[in-house]
Each structure stands twice: as structure tokens, then as C-alpha cells.
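Just so you know, the sequences run in chain order A and B. Heads up, the first sequence is in the working numbering, so the first residue is 1 and it goes up one at a time. Heads up, the second sequence is in the working numbering, so the first residue is 1 and it goes up one at a time.
Keep in mind that the hints were calculated from the coordinates and are not lab data. This list has only true hints and no planted wrong ones.
Note that identical chains are pooled: a pair holds if it fits in a single copy or bridges any two copies.
Capping the alpha-carbon separation at 20 Å, the derived lysine to aspartate or glutamate pairs in EDC-like fashion look like this: (1) 126 <-> 90; (2) 55 <-> 17; (3) 314 <-> 30; (4) 246 <-> 17.
Note that this is a predicted model, so its numbers are computed, not measured.
If you want the building blocks of each chain, they are given just below.
There are 2 protein chains.
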Amino acid sequence: MTIELNSPLDMHLHLRDKEMLKVVAPLTSESFAGALVMPNLVPPVDTMDDLLAYKERILTATKGDTFKPYMTLFFRDSYDYDFLKSFGDELTAIKLYPAGITTNSEGGVSGFDIDKLSPALEAMSKLGIPLCIHGETNGFVMDREAEFIPIYEKLANAFPRLKIIMEHITTKESVAALDKHENLYATITLHHLLITLDDVAGGLLRPHLFCKPIAKRPIDRDALLEVALNAHPKVMFGSDSAPHSKEAKESCGCAAGVFSAPVALAALAELFDKHDKLENLQKFVSDNARLIYGIMPPEKKIVLEKTPMKVPSKYGNVIPMFAGETLSWSIKEII
Amino acid sequence: MTIELNSPLDMHLHLRDKEMLKVVAPLTSESFAGALVMPNLVPPVDTMDDLLAYKERILTATKGDTFKPYMTLFFRDSYDYDFLKSFGDELTAIKLYPAGITTNSEGGVSGFDIDKLSPALEAMSKLGIPLCIHGETNGFVMDREAEFIPIYEKLANAFPRLKIIMEHITTKESVAALDKHENLYATITLHHLLITLDDVAGGLLRPHLFCKPIAKRPIDRDALLEVALNAHPKVMFGSDSAPHSKEAKESCGCAAGVFSAPVALAALAELFDKHDKLENLQKFVSDNARLIYGIMPPEKKIVLEKTPMKVPSKYGNVIPMFAGETLSWSIKEII
Numbered sequence: 001m002t003i004e005l006n007s008p009l010d011m012h013l014h015l016r017d018k019e020m021l022k023v024v025a026p027l028t029s030e031s032f033a034g035a036l037v038m039p040n041l042v043p044p045v046d047t048m049d050d051l052l053a054y055k056e057r058i059l060t061a062t063k064g065d066t067f068k069p070y071m072t073l074f075f076r077d078s079y080d081y082d083f084l085k086s087f088g089d090e091l092t093a094i095k096l097y098p099a100g101i102t103t104n105s106e107g108g109v110s111g112f113d114i115d116k117l118s119p120a121l122e123a124m125s126k127l128g129i130p131l132c133i134h135g136e137t138n139g140f141v142m143d144r145e146a147e148f149i150p151i152y153e154k155l156a157n158a159f160p161r162l163k164i165i166m167e168h169i170t171t172k173e174s175v176a177a178l179d180k181h182e183n184l185y186a187t188i189t190l191h192h193l194l195i196t197l198d199d200v201a202g203g204l205l206r207p208h209l210f211c212k213p214i215a216k217r218p219i220d221r222d223a224l225l226e227v228a229l230n231a232h233p234k235v236m237f238g239s240d241s242a243p244h245s246k247e248a249k250e251s252c253g254c255a256a257g258v259f260s261a262p263v264a265l266a267a268l269a270e271l272f273d274k275h276d277k278l279e280n281l282q283k284f285v286s287d288n289a290r291l292i293y294g295i296m297p298p299e300k301k302i303v304l305e306k307t308p309m310k311v312p313s314k315y316g317n318v319i320p321m322f323a324g325e326t327l328s329w330s331i332k333e334i335i
Numbered sequence: 001m002t003i004e005l006n007s008p009l010d011m012h013l014h015l016r017d018k019e020m021l022k023v024v025a026p027l028t029s030e031s032f033a034g035a036l037v038m039p040n041l042v043p044p045v046d047t048m049d050d051l052l053a054y055k056e057r058i059l060t061a062t063k064g065d066t067f068k069p070y071m072t073l074f075f076r077d078s079y080d081y082d083f084l085k086s087f088g089d090e091l092t093a094i095k096l097y098p099a100g101i102t103t104n105s106e107g108g109v110s111g112f113d114i115d116k117l118s119p120a121l122e123a124m125s126k127l128g129i130p131l132c133i134h135g136e137t138n139g140f141v142m143d144r145e146a147e148f149i150p151i152y153e154k155l156a157n158a159f160p161r162l163k164i165i166m167e168h169i170t171t172k173e174s175v176a177a178l179d180k181h182e183n184l185y186a187t188i189t190l191h192h193l194l195i196t197l198d199d200v201a202g203g204l205l206r207p208h209l210f211c212k213p214i215a216k217r218p219i220d221r222d223a224l225l226e227v228a229l230n231a232h233p234k235v236m237f238g239s240d241s242a243p244h245s246k247e248a249k250e251s252c253g254c255a256a257g258v259f260s261a262p263v264a265l266a267a268l269a270e271l272f273d274k275h276d277k278l279e280n281l282q283k284f285v286s287d288n289a290r291l292i293y294g295i296m297p298p299e300k301k302i303v304l305e306k307t308p309m310k311v312p313s314k315y316g317n318v319i320p321m322f323a324g325e326t327l328s329w330s331i332k333e334i335i
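Generate the whole structure from the sequences, applying the supplied hints.
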């Protein structure tokens, strides 16, 4: 059995920088036609120079693959219309982090004062630039995302022409919010479609499955599966693939992030096949994102087939999801 | 400021065996007058010979300290009255593990069929041997303990003369069950009085705070604090101090357990002092247990004072709770 995917897109990706960028970028650019690249470097990407230079480093690292990095800025409430307009097509979206919520988010937003956010968000509305949000409060770890929903709703109501992407959603509450507000959309990761907190901490503790937002309950995973497998038009695949060194993961204070980029397409094919929903995979990994973002990725065909693939135990010094395990689907051909 | 504790007891302790026993036993026997020693060795302690031999190894490891190891058997439904009676004073309690729930619990109970359990539990009732239970189901990790409450209640009703100790409780539901059944009691650990899941997985992942049952919500910790700080007569201190090597904790599949024995008394004094409840500490760490178990530990006085103590970063190859941190209380004198 095979399936052909046209120009798959990863709409939430961490490529990091320097040596890590060189290791991980080709693992996405090989099999994806494009990816929305997160701006949370140290320091974050918040100027034209930074953005263009980072894009160049990414293109160098992807070694001539047919691959388009869709670039993002780290949200600042000081951004204005002229500044954002000057980016033209170089800027695809802006990522907003509540302060201190995840890796390299220290400079993020700490209040959600509409008046203060208004100049930047009105400019984005006018320019058609989507706002991607890591939606978590500083509350109890299992409640943070659900507690953030009122903020999503406040923003959605205050800026009705702004496309707001709820990034890497993990709860039934976020799924429910999708249908309540026309301008709310969402990305969903591979790992949140597969795991719950039980997989992270129910048996032995598995640091390589530890991520932000943390995996939630079975009922939450089921809600995510429902919209992903049926390719709900407001959801897109975004891996949130977030590499850290083996040492940073297996240590006294393990960094958050699952490195899923190299296995994403095969694992998604396995998952959609298992649920008899292969026919919806094209929409989930590409078509929905094209419509939501209004983008036209480069042409690239990925042929996947139901042939087992053993996942490497490491890429460089990064442990991937499914390290050493066997997936039932694999990439057969890239055209 | 000082406080004098008479014969403190740790009513739930893992001393392990071999080299680990030699490292950890003195760290308890120095400052405690006695401890209830868990039987989950590999293989578990379930015969007279095993129990007596283990007790001897413990006494050897405690190097002549004034310290009484209260020994336990690993529950088997095949135990009968004559077998249990033959232990006399050598046996203090029996520990029941649901199968596969925690470290070395593979041979535990997998159903809770009253008829099947009846011979052993009736014998224990007659002999006045308390049953200690690790009360978790195989459900979702945050729900396992609350889901086990109906089993506690079924056993409490079916064996009204059996003292049942709900071990290392972590939820408000378990606290509530204490007052519903005359024959239900509980131990509470140091770490569950201090941490929630936020401390384990809310920021960076902290494997040294990963334990079974997993730390729960702030509302659960508050319920535990309420009964511990007020020395509710049915609760006792049981550290569940559970050493693993540094490598077993900081790895791809981290073992469950917090090693708190060497810091337990100082940290408890700090906690009770912070809440202005120092006057209740004697009951929580000794008197309640003496009454519930009907035991008379050896005489030993521990004088604690409000003087800072820096916690070592390691004991042997085991990382303690508060490694490298400073506690505001310390042990001044042991008489």
C-alpha cells in the first residue's frame, strides 16, 4: 500500500541554530516542502536583519533541497504597520509567547492588555499576517492550556480580522474553541496525537516525551485525533519538533521538547492508516495550511509505503521520537 | 530555636539491599529510632528465612545505631494463620502491592476478590497485623489513587478488624476516606507535603522528584498538609524514601522514587515551623504511629535547631532530595 503526499508542510518547527541547525534542518527539508520556522533563538528573531540572516543559514543547512522556510518574528508589542509592511513576503507569521512559558521565551508577553497589543495586532490584521500563540498560563501544568482559552477568545473578539493560530493544542477545550470563533485555527503535533501523560510519567519517566504543553489525558488526545483524522479545515500539522542534546534531555533538569521531524510523515501515515483515514492526510499535512495561510509551497511529491522502517537511535546527538523502534510505514520516494 | 523529638519513626522506608543498603541504612538509623521496612526486594521478602536474614543485614548496615527495623512481608493470598502466627514479634505489617504498580511489584495482587483474600486478611485481623497498601489502579496516572478508594473501602468494610494503612497518600480523596472508615489509616511522605506535579514537570523535568504515586495538584497537597500539620491521629510520617543510582534517575527511562531519608527530619522541622505547627511534629513523626501500630520504639532523642544546613549533592551514588540546597533547620544533637 502506498500514499502520495503533495508538498507536505510542517507549520510549527524549531530548527535552532549553529551546529544543531545543520543536523536537524536537512531532516525536515528532505521530506517536507516547507515549514513555519519558530523565532525563539537566543536572542529571539525580531528584526529584518535577524530574520533574513536566519533564513540564509537555514537555506545553507538544507543543502539545496526543495524546501521553503516560512519565517516568523518573535512578537513585540512595539511592532507597527510600517515595520511589518517592510518585510513583504519575507514574513509569514508572528509568534507570541507568554513570558517564561517554554524554551527561550523569557522576553515574551506578560499581560494581555488589548490596548497595549492593539497597534501591533491591528497592523497584522491589515497586512494579513497570522498571529501564532503558545497558549499557556503560568498555572498548574495540567490546566495551563485550558486556562488560556479566555485569552484566545478575548483576542479573537477584539481582533476579528486577525487569524490566530492556537499552536500545538493538547486539550479538548482548545478543540472546542476552534468552532466558536471564526478566526481561531490550530496546529497539532504528532506526539500529542499519540501520547498522554501516562506515556511520559505513568511508568518509568520518559524525558524524550517531555514537552510543553505537557501531554494531557486520554479524553484530550481523543479530541485531537477526532479533528486531525477528519482533517477539520481549521487544523494543520505542526510538529513542534524541538531538538535538544541527549545530555539536555537525560539530566537533572530535562529540557522540554520532542524531536519528531525525521519520523513525522511515516508516523502520521501509520496513524492515519490505523484509523482508516489515509484519505485525509493530504489535507492535514498540507492543504489546510495552504488555505489558512494563503501560501503556495514548492512542488514536491512524497511517496510513502507500508513497509517497516527502523528509526535510528540518534541523529547527531539528538534522540528522535521512536528511537530504535520500527514504524510500519516509510518514505519510498521523494519526487 | 530548637525542638526535641522523642524516638522519631519512619513508617514507610525502602532500604534496598547489598551495597545500596550499606549506603542508605545508616542515613535513617542515625536519626530515626525505627522504621517500617518495605519488602519489595528482588525476589520479595515472603518467608521467615528471608525476613530474618534481611533484618540481620539491616542491623549490620546500621552499625550499632539505636534503631529498630520493623519488618514486613510482601503480601501473598496464600498466607494463613499458622504461618503468620509463627513470626511472633518479628513481623510488624504486611505490604500489599497491586501487580506491576511500582518498583519491584510484579508479583503483586491483580484482582481484589474478597473471597480469595479472605483467609490471609482474616488471619491478619486475628493476629493484629496491619495491612499496608500501595493503593493505585492501572488507570491514568493522575487518577490512579482516587480510583483505588473504592477498593480501600471494600476491604475496610469486609475486614472491619483489620487495620489498613493507605500508604503514601497523595490526594484529597484519600484524606477524605480517612474519616469515613474507622480502620483506615495513612502514611504521608515528606515530598508529597512539599511538591505538586508542577515541581516535577511544570518547568524543566526533574527526575529526582519523580515518584509513585506521582505528585498531584495543589489542592491535593493542601489536603495532605491539613492533616499532617495538625497531626490527625490517623496519619503517620512515612518517607517512602526510595534510593536509585544517579544513572537510574537521569536516563531515558527514569525509575520512580525520591531519596529523602537523610533530610527528612530537618525538612519536616522546617515545614512545621513555617506553618507554626512545630508542636504537632512529635505526633506526626512518632506518637501516632506508636498508637496505630501498638509499638514501643527504642528511646532516642533528636534535637533539631533552626540553623542552616547545606544538603550534600550525593550520598554514595544517590542524589537526595534538596541536593546542594540549604535547609533552615538541622540536627543539633542525637541522644
